[in-house]
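Asks: Listed below are the residues making up each chain.
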Amino acid sequence: MLDQIKEHVMNLKTKGASYVDTRWYPFEESNSLVMWNGNLKDANYSRESGIGVRVLYKGAWGFSASSDTSDLTGLYNKAFDNAQIAAKRVSLPVRLAEKDDIQASFSSPNCINPMEVPLSDKVAFLKQIDNQLNQPGVFQRIALLHFIRKQIIFIDSEGSEIEKQITEVFAEISVLGQDEQGETHKRSYNLGQEGTDTRGWESIDPQLFSENAERIVAELNQILVAEPCPKDDRAVILLPGIMFLQTHETIGHALELDRILGYELAYAGGSFVTLDDFGRLRYGSEKLTARANATLLNSPGSFGYDDDGIPCQDNVLIDKGILVGAITGRQMVEEANAKAHRQIFNGSSGANRATSFYRVPIERMTNINIDPGADGNLDDIIAGTEKGLVMDGDRSWSIGSNREQFHFATEIAWLVENGQKTQVVKNPTYKGNTLEFWNSLSAVGDKSTWKLEFVSNCGKGQPNQIMQLGHGVPVCRFENVRVGE
Amino acid sequence: MAENNYKDRILDTLQTLRKYALKKAAPQEIEIGLHYHEEDSYLMRFANSAISLNTNEHLIRLDIAAYQGKKRASYELITNLSKVADMEHGIDTAIELVKHAQPLNYQPTIPVYAETFSDESCYDPDLAQISNAERLAFFNQAVAGLETDEIKSSGIFSSGSSISAMIYTTSENTQFFRLSDAQVTPVLAHSGLKWEVIAEGSAQQKTDLDAIKLNKDLKTLITHYLDDIPQQLPLGKYDIIFGSAAIADMVNMMNYIGFNGGLMKRGYSFLSEAQAGKKVVSDKFTLRDDPTQRETFPFRRDFYGLPRDNFPIFEQGVFHGFTWMQDDADEFNAQPTGHTVSHKSLALSGGEQDTPATLQELIAMPRERDLLYIPYLHYMNIVNPSKGVITASSRFGALLLRQDGSVGIPYNVRLTQSLLNVFGEKVAWLSHQTVPYNTSMSYGKRNPTAVIVPTFMRVNDLEISHSNPSY
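Quick note, the sequences are listed as chains A and B, same order.
Just so you know, we're using my numbering here: the first sequence kicks off at 1 and counts up by one.
Just so you know, we're using my numbering here: the second sequence kicks off at 1 and counts up by one.
Be aware that a few hints might be false.
Cβ pair distances, simulated, as ranges [stated by the list, open to error]:
{"hint": "1", "chain 1": "A", "residue 1": "Glu286", "chain 2": "B", "residue 2": "Ala357", "range": "51 to 57 Å"}
{"hint": "2", "chain 1": "B", "residue 1": "Asp461", "chain 2": "A", "residue 2": "Leu92", "range": "43 to 49 Å"}
{"hint": "3", "chain 1": "B", "residue 1": "Ser406", "chain 2": "A", "residue 2": "Lys15", "range": "53 to 59 Å"}
{"hint": "4", "chain 1": "B", "residue 1": "Asp461", "chain 2": "A", "residue 2": "Pro26", "range": "56 to 62 Å"}
{"hint": "5", "chain 1": "B", "residue 1": "Phe332", "chain 2": "A", "residue 2": "Ile466", "range": "27 to 33 Å"}
{"hint": "6", "chain 1": "A", "residue 1": "Ser70", "chain 2": "B", "residue 2": "Glu96", "range": "26 to 32 Å"}
The hints are simulated quantities; they were obtained by calculation from the structure and are not laboratory data.
Bear in mind the structure is a predicted one, so any value in this text is a computation, not a measurement.
Ideal Cβ placement from N, Cα and C applies to all residues, glycine included.
The following block holds chain B by itself, in its conformation from the complex:
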């Protein structure tokens, strides 16, 4: 993947396949789309203070979409660039499939790329080619001095690069995206008491990696978890400080059951078209899809060739409107908004200046009431999509920041709340400082994803619905 002419080789192969597709499909009034995805993935996984797995995968996939009138079908294969005949066979298969597909009751748009577009600005070869030895050295530095016989390190150093390239029979123009990414999550866990604390890093460039910061955050949490007294919190209402992981997780959930136009039409949203232009959450809440932010591993064109720029979703609590993927827009007669991409570039704006930027500042901050710090929400799920109700448990380093300046260690608690409530009028402040929080979940193709969120968000008077008697 590192060779200089590799990009040309990929695009030449796509052009060759396009010619084949034109020859085979055009006489049957069939259009073909070819999406190429290549990943070079490395993952060093740690557990019990050892490397539990060191793995790498190099995979190339070709997704072939066939369109005939209102019919659509697809065929995907794992392949490599030397297997042109296999890929051509895949095109033949997609052509056969679409003939037997069922017509949609709407006309699907077939991309016509008006120009060739290439974006490698978010590719850093130094990060993509980081070595095994460097990965290990980084992790060792992140947990340096913190492991004991009882406190064991675990976590991951995941890094790699991915290429997405696409072409359609409708145009000889191509789109090409190359990204590099890394996600680092050192965890320290007490083998007997079963608590865990985490520090997390996301990198688009090698220079984004900062082992010293991770070590500092882990050390802060470890100190409290060793020295302060754990307790089961009484049920009731708390002023809660959410950390970046928890905020990003809830913003992502909003992306799913909130402002996604297609899902709204299918009944999976707590927002409605009538709410567009109206204030529905806190005026401190400004959320954009902002592909100018390199830390989000952005796509500056969507897969239909639409330019992607800063797209407001909420402005000071006012709901701007739904995002629309092309296929949903086709089905529901809506205007596509350039959101047919593997992931959005969500960015929640920071708040006032005089707010904590680091965990150490948060702990040291004077407070007029007890505050419950929840850095991370585990296993979030949707209880009621129509009301935006989600449920999840705290994990990875919650703290009770008492009014008198002392710190307690709460056992895990559960929140069952509407996102409208969490992001509503109870929001007291958001940190001015924002961070990219890596939310990559590569179940299939490598798809690095990060959400930019404030470091912390304070929400007053939120009820916890369950309180553990242990970690």
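Okay, chain A solo, but in the shape it has when bound:
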């Protein structure tokens, strides 16, 4: 099969394609289990395989994919035909940044393959957690597990051959309750990188889930009797359970270079960032240093090599508040440099990924992280806050099409008065303008507050793609934020 793929890739080169690559998925397995109020509502396995072919011809992309590998000639011809038609409407011919040809392999670090764990063990784990969540005040209880395992073989016409074995593990528990007014409230816990450097079944630690089950039930019961969130301007202290989403929506998506260059204007949206801003824009206060680090162990945002065949990297995006980098692939860095008439980017940052063999790679977040700061632990930050709100848990998020303004709701918040965390409030929300918000960053927690959160379902692109990634974030405080609307 591999030899046939290489032969077809080179055949298209001889037909006039300037670049050809193939991602062959010998298999991709997925297993999802959902237990809802004690009922195993979903126990699903899936398996797929197939090939995606990307062709660059006269500066335009064509792509074709099929689960049927019996007619490779037809598949490659279709991809080539698609590129030939696309070449009839080209404004700036696609060029790809230089890269080395790479022969390599990558395997997500894991000890126990989650696909080989018996279903009965997984169900037993869910049942145990469900029993623990079944407490007074809890109206709905949900526990879910999701595992992905896939093999990807990447071949391109520049001589690269890369094999990847990717393993993903996601787990979440949630409880819902209804207050006296009949309003539903939620508290949840998502598995992040909780001290394990591997990404197999072993990262599902029953003790960890047990502790968090107890915590979220207790916090839900506090929410159910809480007063409403005040509506005013105050400091917000974001815990990692919402800080990751703030980073995701207002740094991650805003710095995807395809968005900046207008490739998502018809759907996901653009970005307020312009090419002129790199190296100049004060994105946030001096306390803000953000990076795209795809080299972290045990994260869905670490994958060895992207789908351009570029090795994973650790790049600074925002350096002490100044915008310096973006989330990039081979095509977009060339186009950005050409349009800016200066060398903003020195090669791809290795962030071009596709969600499956039947989707084309686009710029996706890796691990978009905020560096820990020097403002102490959570208690220290609270102690230094006169009037604020500590917020946690993502309940709702909405953001403008150019990522310029946002409105978030969280699951829980605690009032802070004169340096003390006091009572819980319900239905907490906050909103703001992206640049104004990040420039109001007044405290960044130390390493003890930093947590790598996982995201299993980031949507982008047409055709739509769901991607997995991570965010390593500390506790952060922002000043004069409108809450409660």
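Got chain A sorted already, so can you dock chain B onto it with the hints?
Replies: Frame of chain A, contents of chain B only:
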């Protein structure tokens, strides 16, 4: 997918697999369901006045459900019709899975198809097989004369066809659905100022495609965006005209956190069982699930074999009742309403005769107050499901239609409102004319979806909660 006997080949394969399943599963008192899905998808994507991607995917999936008493499990594979052995292995896997599943605390219904049902009435081979050259020509016509060095076109022409076929070991009868669809969204965006305007088309048949209308709507918006002065709107209350995209998005959200019986029981609804039969929104609001409307890519049977006909949800503001999928009905002892389908066929009725039918008519319409036109709501999310509170930002061509007949260009604004408020007593009118608005979001299997909504809806005195100083 175009060959004449292809349907027979699919159904024959399902019958073969059913026989295998009966042989392997029946002795263990296990029932098997087989859902076949095939898609032929084409997408031409445009950006920066070029084709940024031209792609097609041909995918066949088989979803195998296994039931044993109160236990249930499923296995899905990507396959093709020649791989019968792989599909049989999938059945073996599902049988093994269900043995280790956890019993539900209710008895799940297993479909028993009383008759064979086939519906290809919403399949148009001319649309399904539209060529690359035709897609490009259509898009070129839609944006003709409107692109400049600064105004770049982007958007998609997505088209294709899908087949859903299903059989259970409980009966040799089958269900077969074949659909064709297209979604076209040309966008024009100013590369420096960062505004975007859009025109959208949805097609179930090739003759539904209308590039001239898209061009006309884009031209109208472009003219205003080039000539009229942009402004940051003061916060406060506005009389808002929502366009079809915004209305459809809110109706879809209502489908999620409003009248879905299962979600209501789980606490994700702003409606309650006590409200059935009572007036809860404007008497101008009549919403049905109407699978007789071909533009909605309808299913006339649900996946449990229940016939699907016109189902009232709201009649002149009175809430008729919740929709129930079979599994939710089983769990909560409710009556299934034929809503175990990939999507409903929601249709919001039009209003009075003397209302604008087109964007040009809306702009020309005499008005007693300033009106804020919001065609599209971006990134809608639920702030509080119990109160029906959603939040979203305007996008793609908002206009300030001033009382004196002039037009202004508002920077984007945010609405944070309860759907009960938006569709409540503040509704002034809905357009008489309705349009199908394509809401397809094919994250997995191709599942063309459209909601029929009035072209415009006016709601008075709605507050905007945020106003941008730029686009």
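Asks: For every hint, state whether the structure bears it out.
Replies: Hint check results:
1. Glu286(A) x Ala357(B): 51 to 57 Å: holds (56 Å)
2. Asp461(B) x Leu92(A): 43 to 49 Å: holds (47 Å)
3. Ser406(B) x Lys15(A): 53 to 59 Å: holds (57 Å)
4. Asp461(B) x Pro26(A): 56 to 62 Å: holds (60 Å)
5. Phe332(B) x Ile466(A): 27 to 33 Å: Because 30 Å falls inside the window, the suggested range holds.
6. Ser70(A) x Glu96(B): 26 to 32 Å: Holds - the Cβ-Cβ distance for Ser70(A) and Glu96(B), about 28 Å, lies within 26 to 32 Å.
Of the numbered hints stated above, none is contradicted by the structure.
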